[in-house]
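Chain by chain, the residues:
4 protein chains.
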Amino acid sequence: MIAVLKPGTSLRQRDNLIAWFKSQGLEVHISEGQMHTVLGIVGDTSGIDIDLLQSLDIVDSAKRVSETYKLANRKFHPSDSVISVGDVRIGGGNFQLIAGPCSVESEEQILQIAQSVRAGGAALLRGGAFKPRTSPYDFQGLKAHGIEFLLEAKKLTGMPIVTEIMSVEHLPLFEHVDVIQVGARNMQNFELLKALGRTDKVILLKRGMCSTLKELLMSAEYIMAGGNENVILCERGIRTYETSTRNTLDLSAVPMLHEMTHLPVVVDPSHATGRSRLVLPMAMAAAAAGADGLMIEVHNDPMHALCDGAQSLTPEQFCELAARVSAVREAVLR
Amino acid sequence: MIAVLKPGTSLRQRDNLIAWFKSQGLEVHISEGQMHTVLGIVGDTSGIDIDLLQSLDIVDSAKRVSETYKLANRKFHPSDSVISVGDVRIGGGNFQLIAGPCSVESEEQILQIAQSVRAGGAALLRGGAFKPRTSPYDFQGLKAHGIEFLLEAKKLTGMPIVTEIMSVEHLPLFEHVDVIQVGARNMQNFELLKALGRTDKVILLKRGMCSTLKELLMSAEYIMAGGNENVILCERGIRTYETSTRNTLDLSAVPMLHEMTHLPVVVDPSHATGRSRLVLPMAMAAAAAGADGLMIEVHNDPMHALCDGAQSLTPEQFCELAARVSAVREAVLR
Amino acid sequence: MIAVLKPGTSLRQRDNLIAWFKSQGLEVHISEGQMHTVLGIVGDTSGIDIDLLQSLDIVDSAKRVSETYKLANRKFHPSDSVISVGDVRIGGGNFQLIAGPCSVESEEQILQIAQSVRAGGAALLRGGAFKPRTSPYDFQGLKAHGIEFLLEAKKLTGMPIVTEIMSVEHLPLFEHVDVIQVGARNMQNFELLKALGRTDKVILLKRGMCSTLKELLMSAEYIMAGGNENVILCERGIRTYETSTRNTLDLSAVPMLHEMTHLPVVVDPSHATGRSRLVLPMAMAAAAAGADGLMIEVHNDPMHALCDGAQSLTPEQFCELAARVSAVREAVLR
Amino acid sequence: MIAVLKPGTSLRQRDNLIAWFKSQGLEVHISEGQMHTVLGIVGDTSGIDIDLLQSLDIVDSAKRVSETYKLANRKFHPSDSVISVGDVRIGGGNFQLIAGPCSVESEEQILQIAQSVRAGGAALLRGGAFKPRTSPYDFQGLKAHGIEFLLEAKKLTGMPIVTEIMSVEHLPLFEHVDVIQVGARNMQNFELLKALGRTDKVILLKRGMCSTLKELLMSAEYIMAGGNENVILCERGIRTYETSTRNTLDLSAVPMLHEMTHLPVVVDPSHATGRSRLVLPMAMAAAAAGADGLMIEVHNDPMHALCDGAQSLTPEQFCELAARVSAVREAVLR
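Chains as they are written, first to last, in the working numbering: chain A, 1 to 334; chain B, 1 to 334; chain C, 1 to 334; chain D, 1 to 334.
Read the hints as simulated data drawn from the structure, not as lab findings. Among these hints, one or two may not hold up.
Remember, identical chains collapse to one label, so a pair may be satisfied in a single copy or spanning two.
[Stated by the list, open to error] DSS-like, lysine-lysine: derived pairs with alpha carbons at most 30 Å apart:
hint: 1; residue 1: Lys-201; residue 2: Lys-63
hint: 2; residue 1: Lys-6; residue 2: Lys-214
hint: 3; residue 1: Lys-22; residue 2: Lys-154
hint: 4; residue 1: Lys-6; residue 2: Lys-155
hint: 5; residue 1: Lys-6; residue 2: Lys-143
hint: 6; residue 1: Lys-214; residue 2: Lys-154
hint: 7; residue 1: Lys-22; residue 2: Lys-70
hint: 8; residue 1: Lys-63; residue 2: Lys-154
hint: 9; residue 1: Lys-63; residue 2: Lys-6
hint: 10; residue 1: Lys-6; residue 2: Lys-75
hint: 11; residue 1: Lys-63; residue 2: Lys-75
hint: 12; residue 1: Lys-70; residue 2: Lys-143
hint: 13; residue 1: Lys-155; residue 2: Lys-143
hint: 14; residue 1: Lys-22; residue 2: Lys-194
hint: 15; residue 1: Lys-214; residue 2: Lys-155
hint: 16; residue 1: Lys-22; residue 2: Lys-6
hint: 17; residue 1: Lys-201; residue 2: Lys-22
hint: 18; residue 1: Lys-63; residue 2: Lys-155
hint: 19; residue 1: Lys-70; residue 2: Lys-214
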């Protein structure tokens with residue numbers, strides 16, 4: 001950790017601060033510049049509150065030298081993590097399509113879509129049973145029934161299933177779910193993350209709408225620190241001032257996260273753009289940027305979808321997407 | 001609801017869409033412009049998914065005419081809500097100071113600060129027992145013990161207490177808490193909001209770091225729709241590109257929310273700015289903008305605070321703040 | 001244009017407003033909803049100030065139905081514009097690489113890089129002669145000499161040149177420049193746009209760091225309204241709260257702009273990411289998203305570049321990028 | 001300047017980098033941490049490109065210790081600058097109201113408003129002659145005639161005038177203008193800033209819609225480095241994701257700028273909020289936050305204003321604002 005002292009700091013003030021660092025078991029190197037003195041604080045500084053340090057009258061600024069995420073950090077785990085979901089592997093060169101409707105609406109609907117996306121090349125089936133909706137008056141999902149229908153679809157097609165959890169209390173209902181999704185709004189629901197860290201499920205962790213990549217990795221760290229290292233990260237668009245798309249898909253997050261962490265990174269172009277016409281180009285772009293997988297919303301009848309229909313593809317469009325994404329991946333790997 | 005059709009929409013396509021609206025029990029008015037046809041859809045359109053509508057090939061754009069929040073909407077409740085916490089009233093001209101440490105650290109600490117802020121003019125005591133921290137390795141709060149110590153402080157001073165909840169599971173621990181705070185990261189933890197809607201506690205709902213005012217009101221609506229109308233809103237800064245302050249305090253949210261809703265609005269300048277030197281000017285500014293109260297972090301020894309010390313005032317600074325804010329309020333009301 | 005009136009608007013107030021619209025030569029359709037009256041205003045509403053309308057006491061909200069950009073609008077020009085720069089064509093299926101150093105530093109440097117990028121497959125040579133720098137103390141470019149050196153490079157290689165203008169006054173120096181670049185900071189320098197609209201140069205218009213796609217098209221419209229329709233748009237990253245990359249490259253802008261306008265869209269991954277390691281993946285992603293070209297910073301000796309070296313590729317890296325982007329384009333077009 | 005080296009950097013690589021710094025006339029202090037080596041680079045590092053440094057393979061991160069703005073920096077000029085405009089003084093405890101219409105529309109209009117705002121307590125008259133408009137089809141101002149009419153109003157009332165410049169070419173028209181305004185869109189029009197630095201006019205420099213406070217000060221530095229230190233800064237709202245107000249007024253910029261610089265800071269609540277109903281509360285809030293002045297839009301007939309009428313006050317509302325702001329200031333200073 002580095003602390004830059006303000007011009008005018010007295011020797012006594014400086015020495016008091018150094019003494020305080022030493023009392024925390026840290027070593028301090030002093031570097032005198034023309035205007036500023038810089039302190040290099042060496043040792044385990046994770047217990048130092050950087051905001052507090054910066055607030056001291058004599059401190060101009062402070063900076064951490066080491067990242068505070070350890071388990072998710074590529075520096076300590078140089079090779080890619082490969083996450084297994086049943087027979088399906090994600091990461092480390094294994095690319096997978098996750099597809100399905102925004103919401104599970106009926107057994108018939110999910111069975112039909114599952115077969116379609118299976119045929120189109122999807123490896124995992126997604127579908128929402130618990131739905132986070134901005135308005136309390138909107139459809140909130142089929143809940144336990146939705147999960148039952150997903151499990152029927154899994155039995156029929158053999159596809160592992162991905163579905164979102166919204167509360168620790170619902171965890172028992174997810175016993176047979178293969179991948180538990182944490183939605184953007186719950187990325188910093190730390191109690192939920194801790195509870196998931198005590199399971200052995202694969203967790204698909206979506207980036208919050210306003211979260212930095214570091215915060216995303218700190219949230220992954222919450223799960224991993226509990227003992228569960230099966231975490232897949234998901235870029236799903238961030239909130240910006242631009243209004244022509246629902247969110248701004250941050251594709252540079254893909255290579256950037258690959259540099260910062262060993263965990264796989266998938267991309268959800270459906271929620272990010274909120275417009276079905278943009279899903280295909282952004283899916284190809286995500287594959288070209290090096291994503292380890294894609295989450296694609298597919299619906300058999302977008303006009304009557306109960307939610308988020310705007311961004312869903314038909315099964316036919318999904319098949320085309322799968323083929324074209326595959327061609328892009330081949331070109332990228334060549 | 002209004003739907004603007006694209007140029008080139010055929011009569012048959014237009015009539016199909018109109019027929020679909022009518023099948024949902026809605027009436028449709030047609031207005032033909034030079035390039036565009038505009039449909040005015042009349043009736044209860046809350047079941048219509050506006051994203052879906054906008055995604056249709058023939059639809060250029062769509063717009064809701066009525067807000068989807070009802071219980072929180074000033075249009076239906078023109079007069080200010082006044083929320084009672086014990087003998088303390090907030091809103092409708094009643095202005096209150098809520099003060100205390102970021103985290104409860106010990107019984108001694110909270111008793112001492114409670115007496116100080118009581119003397120300085122605070123009506124409610126705040127203190128974190130469960131702490132949402134970005135890193136799993138940071139101090140997570142004293143939890144149940146923290147609440148016990150707060151209740152001791154309440155017994156000693158008579159001040160009602162405000163403390164944050166992070167999970168539905170912890171609700172039983174909040175039985176004697178007067179005001180339950182929902183933090184920015186949980187503003188869209190809908191399961192938590194629903195659970196709080198079934199209690200009769202006063203809820204202090206903080207705006208999410210990246211939430212619009214409409215979303216804040218929709219989250220208030222979740223609580224109110226469950227039967228609990230005791231909601232106080234809190235502006236605490238939003239995330240922007242600016243880095244010289246921790247967040248950007250959006251003070252125009254105060255008069256804007258007063259126009260949109262009848263609920264009281266308090267402001268937290270401590271978390272918003274993250275710098276103790278900015279707390280006093282922003283507290284006075286919030287009062288001048290018409291806030292119904294302020295939440296101020298106060299610590300007896302900022303250097304050793306376990307978290308967020310950077311933004312805390314000493315008890316002496318809080319007393320000065322209380323006096324100066326009071327002078328500003330008098331000037332504003334004159 | 002649509003105006004939604006507030007509940008409680010009197011008939012007299014409503015009729016006054018309608019009369020005012022009629023006095024401006026407009027027709028008004030009235031649609032009565034349950035709570036709100038909606039006015040559909042038909043005719044040339046470009047003279048109506050929507051902010052003013054929204055500010056009226058009786059108006060709840062207002063919305064334009066038609067876009068205010070006409071010449072740049074795909075609705076009026078359905079087929080792609082193809083822009084010719086000498087023998088080089090951009091848009092409508094013609095994809096081009098624009099490459100070169102951030103700044104022209106010497107004649108030797110630009111001649112050497114020009115030959116390298118030519119060999120690597122670039123069609124146009126870029127290089128900054130006038131440099132917009134945040135600090136007045138930073139290197140501001142070689143100015144007129146820089147342009148001379150670029151023209152030497154053009155003579156040597158036959159490549160048309162692209163360079164940035166910063167002030168109307170400098171226009172005479174750009175007489176032999178093929179493509180004049182308007183940088184992000186000048187996207188709304190309207191006097192400059194007007195002056196460029198009176199030339200017959202190809203203009204490469206970069207999106208402002210905080211500009212919406214609509215504003216970008218309105219700025220293109222400034223140039224086109226002056227008579228110059230040779231405009232190429234450039235996405236170069238927008239400013240968000242995320243700090244791990246310099247800006248956030250908004251690749252969904254590519255298919256979105258293709259829907260909104262007939263003008264070609266190129267992408268600059270070098271400035272957007274600010275990190276050379278991210279340039280290749282984001283270049284491939286941009287190609288997959290359908291970009292009509294790429295702008296790539298190339299330097300012969302990044303360690304000694306006078307500015308922006310962080311994001312520059314070596315000529316060898318550029319050659320690899322050109323080959324890999326070409327493979328991605330083939331896959332996308334298949 | 002500080003450079004943090006990556007783990008795994010070889011001694012040879014480290015020494016090469018140190019040699020390179022030394023070749024630039026700099027001294028280097030080495031501090032070895034557990035994982036990282038930190039270099040403290042001492043001397044005049046303004047010629048070092050921090051982006052370049054960060055891009056080197058062996059560099060983890062880099063950080064400037066000293067600000068790059070010097071003339072605007074409070075560290076070097078501890079006491080407040082007081083700017084004189086005729087007999088009017090701004091800054092260092094001198095608070096002023098600047099008022100007038102968004103656009104000058106006619107001689108009659110500006111004379112009338114000038115007298116009204118003079119009577120209400122304004123010290124300076126503002127009015128736009130050159131108008132930056134997003135659309136080329138919108139009213140662009142009366143230009144030279146607008147300035148003439150402003151000068152008539154100055155003659156009539158004795159008030160110094162403030163009006164916006166949009167291009168270096170127009171500078172001769174501003175010969176008798178007292179305060180030249182640089183609008184948000186031109187905050188980084190560096191050629192314009194340099195030209196204004198060569199004048200002796202007072203410059204009112206508005207913060208760009210997406211500019212950091214540091215960038216605002218760097219733009220002030222452009223003017224000051226040219227020899228003109230008469231700069232007044234203006235906070236006018238920044239662009240965020242929130243849409244209920246036009247921009248987000250960043251009032252914490254006021255005390256923050258006062259810490260960073262000795263220049264006066266005024267606030268423009270009219271443009272920031274875009275809603276006349278919010279102007280009064282935000283004006284009072286700005287005064288409470290310590291602003292050195294306010295810019296308020298006033299119109300004699302908002303319904304017929306040619307632009308930005310939504311945010312204008314009537315002369316009566318302005319008088320009320322002046323009185324209430326004055327009361328707030330008294331309370332704050334007490």
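Hints versus structure:
Neither within a single protomer nor between protomers do Lys-201 and Lys-63 lie at most 30 Å apart by alpha-carbon distance, with minima of 36 Å and 41 Å respectively. Taking the closest pair of Cα atoms, Lys-6 and Lys-214 come within 30 Å of each other both inside a single copy (28 Å) and across two copies (18 Å). Taking the closest pair of Cα atoms, Lys-22 and Lys-154 never come within 30 Å of each other, the shortest separation being 58 Å inside a single copy and 38 Å across copies. When the C-alpha separation of Lys-6 and Lys-155 is checked against a cutoff of 30 Å, the pair qualifies neither within a copy, at 66 Å, nor between copies, at 44 Å.
With identical chains, the CA atoms of Lys-6 and Lys-143 are never at most 30 Å apart, being 57 Å at best within one copy and 37 Å at best between copies. With identical chains, the CA atoms of Lys-214 and Lys-154 are never at most 30 Å apart, being 35 Å at best within one copy and 39 Å at best between copies. Taking the shortest Cα distances, Lys-22 and Lys-70 sit within 30 Å of each other inside one copy (24 Å), while across copies they are farther apart (35 Å). With identical chains, the CA atoms of Lys-63 and Lys-154 are never at most 30 Å apart, being 49 Å at best within one copy and 39 Å at best between copies.
For the homomeric pair Lys-63 and Lys-6, the shortest alpha-carbon distances inside one copy (14 Å) and between copies (15 Å) are both at most 30 Å. Proximity of Lys-6 and Lys-75 under a CA criterion of 30 Å is satisfied inter-copy only: 9 Å between copies versus 33 Å inside one chain copy. In the homo-oligomer, the alpha carbons of Lys-63 and Lys-75 lie at most 30 Å apart both inside one protomer (19 Å) and across protomers (21 Å), since each shortest distance falls under that limit. With identical chains, the CA atoms of Lys-70 and Lys-143 are at most 30 Å apart between copies only, with a shortest distance of 25 Å across copies and 35 Å within one.
Proximity of Lys-155 and Lys-143 under a CA criterion of 30 Å is satisfied intra-copy only: 19 Å inside one chain copy versus 43 Å between copies. For a Cα distance limit of 30 Å, the shortest separation of Lys-22 from Lys-194 qualifies neither inside one copy, at 33 Å, nor across copies, at 48 Å. Taking the shortest alpha-carbon separations for Lys-214 and Lys-155, neither the intra-copy value of 38 Å nor the inter-copy value of 42 Å comes in at or below 30 Å. When the C-alpha separation of Lys-22 and Lys-6 is checked against a cutoff of 30 Å, the pair qualifies both within a copy, at 20 Å, and between copies, at 25 Å.
In this assembly of identical chains, the alpha carbons of Lys-201 and Lys-22 never lie at most 30 Å apart, being 42 Å within a copy and 46 Å across copies at closest. Taking the shortest alpha-carbon separations for Lys-63 and Lys-155, neither the intra-copy value of 52 Å nor the inter-copy value of 42 Å comes in at or below 30 Å. Proximity of Lys-70 and Lys-214 under a CA criterion of 30 Å is satisfied intra-copy only: 12 Å inside one chain copy versus 33 Å between copies.
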